[in-house]
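Quick note, the sequences are listed as chains A and B, same order. Numbering-wise (our numbering), the first sequence opens with residue 1 and increments by one. Numbering-wise (our numbering), the second sequence opens with residue 126 and increments by one.
Everything labelled a hint here was simulated from the structure, so no lab data went into it. Treat the hints loosely; a few may be bogus.
With beta-carbon atoms standing in for the labels, derived distance ranges [stated by the list, open to error]: (1) A/103 to B/284: 38 to 44 Å; (2) A/31 to B/285: 34 to 40 Å; (3) A/111 to B/174: 24 to 30 Å; (4) B/245 to A/119: 33 to 39 Å; (5) A/53 to B/238: 54 to 60 Å.
Pulled a few chain B residues facing chain A out of the computed Cβ check, cut under 10 Å [to be verified]: (6) 192; (7) 193; (8) 194; (9) 295; (10) 300; (11) 309; (12) 337; (13) 344.
Glycine included, every Cβ here is placed at the ideal spot set by N, Cα and C.
Residues per chain are reported as follows:
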Amino acid sequence: MRLIKCCFTIVALMFLASPGLHAEEAYLNYKSYCMQCHGMHGKGDGVNVPAMNILPRDHSDNKYMMSRTNTEIYKVIKFGGPAINKSVKMPAWGDTFTDEEITQLVGHIRSLCCEKELVRGVNFR
Amino acid sequence: MKHLILLSFLAVVISPALASAGEDGGKILRAQCASCHDLKGPAPQTIRELWKRDAPDLFYAGNKFRREWLVQWLQKPIRIRPAGVNYLRNINSTPPSNQNTKKTGRKYDVLWGSVTKPLKHVKLSRAKAEAVADALMGLKPHYSLVAGVKLDASKKVSLDQGEVLIDKVYGCLSCHFIEPGYGGYTGSELYTAGKRLQPEFMLSYIKRPKNWDPKIWMPNGNVKPDDLQKIVNYLILLSKEDFNASN
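Just need the whole structure built from these sequences, with the hints factored in.
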């Protein structure tokens with residue numbers, strides 16, 4: 001009986017801990033790949049920006065980001081800017097990230113722009 | 126006269142070998158380079174491992190570099206990646222007081238720390254540089270990645286056409302310099318790529334960077350085969366420009 005309880009606790013802990021782990025991985029990926037253009041705080045002010053004729057998206061811009069669905073953000077990460085009629089300066093990261101990692105990145109970007117909406121449980125589609 | 130020509134020919138062919146005679150390149154590599162450079166591989170397989178990288182991996186140097194450039198660079202090392210090998214260590218979100226924010230009203234992350242100073246790297250004598258270059262050129266574990274890859278010199282482009290490909294079509298300029306001070310900071314400078322790198326390496330790396338460095342922050346640009354040839358021809362053409370002349 002004790003063994004069953006133990007197993008149950010471990011499984012429950014795994015479920016509870018996994019979103020945290022995913023968030024950490026997503027943060028690490030964002031920091032490593034996206035930060036060079038989108039900036040250390042996601043404000044579209046990365047170190048490479050001065051050379052760009054088209055500015056990267058400010059991920060903390062709540063008004064703009066709320067006008068985009070999760071599907072669009074997923075598409076732009078996987079297939080690049082042209083996939084949603086945006087600039088080629090946003091490259092396709094589909095060969096770098098797995099589909100699951102892209103989904104986690106979408107979640108991370110939502111945490112930068114739309115924390116209030118996340119708490120309210122808004123459906124970003 | 127014939128003897129003279131033969132002698133000069135032999136001098137040209139043999140002199141590099143003589144220059145490096147007596148120096149053990151492998152020994153110098155192990156003693157002076159191995160503490161920062163990875164000479165054995167494999168390349169980092171996770172992002173955490175990648176961030177531990179202090180200097181470029183050299184375990185496939187023979188598949189990557191041109192020997193003559195290595196000899197030159199080892200005698201006079203200069204920085205190739207403006208933001209360093211690990212850019213995350215070298216940027217800061219606090220702009221310096223001299224950053225001009227009036228023009229655009231925006232502030233950007235800035236380079237910070239050691240990359241704002243000249244590169245600190247071991248300098249070698251010509252004989253040692255020759256020996257080390259020989260040892261590096263012997264490191265060729267990725268033969269399969271360049272096998273069958275060949276530069277098509279007929280796919281030529283002008284400097285202007287090449288810049289359009291690099292900037293407008295594939296967006297490489299966002300991360301790479303195409304002339305001193307012009308371009309993004311986090312990639313390696315492209316205006317010396319043609320001198321530094323073997324054409325086959327450039328073709329293979331641009332096609333799929335992940336094959337060489339699984340977690341690197343250069344994306345696969347899905348470059349069309351024709352454009353790939355044009356880009357590499359452009360990089361070779363660009364490297365022949367004398368950028369010091371205009372400065």
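Could you check the structure against the hints above and give me the numbers of any it violates, in ascending order?
4, 5, 6, 7, 8, 12
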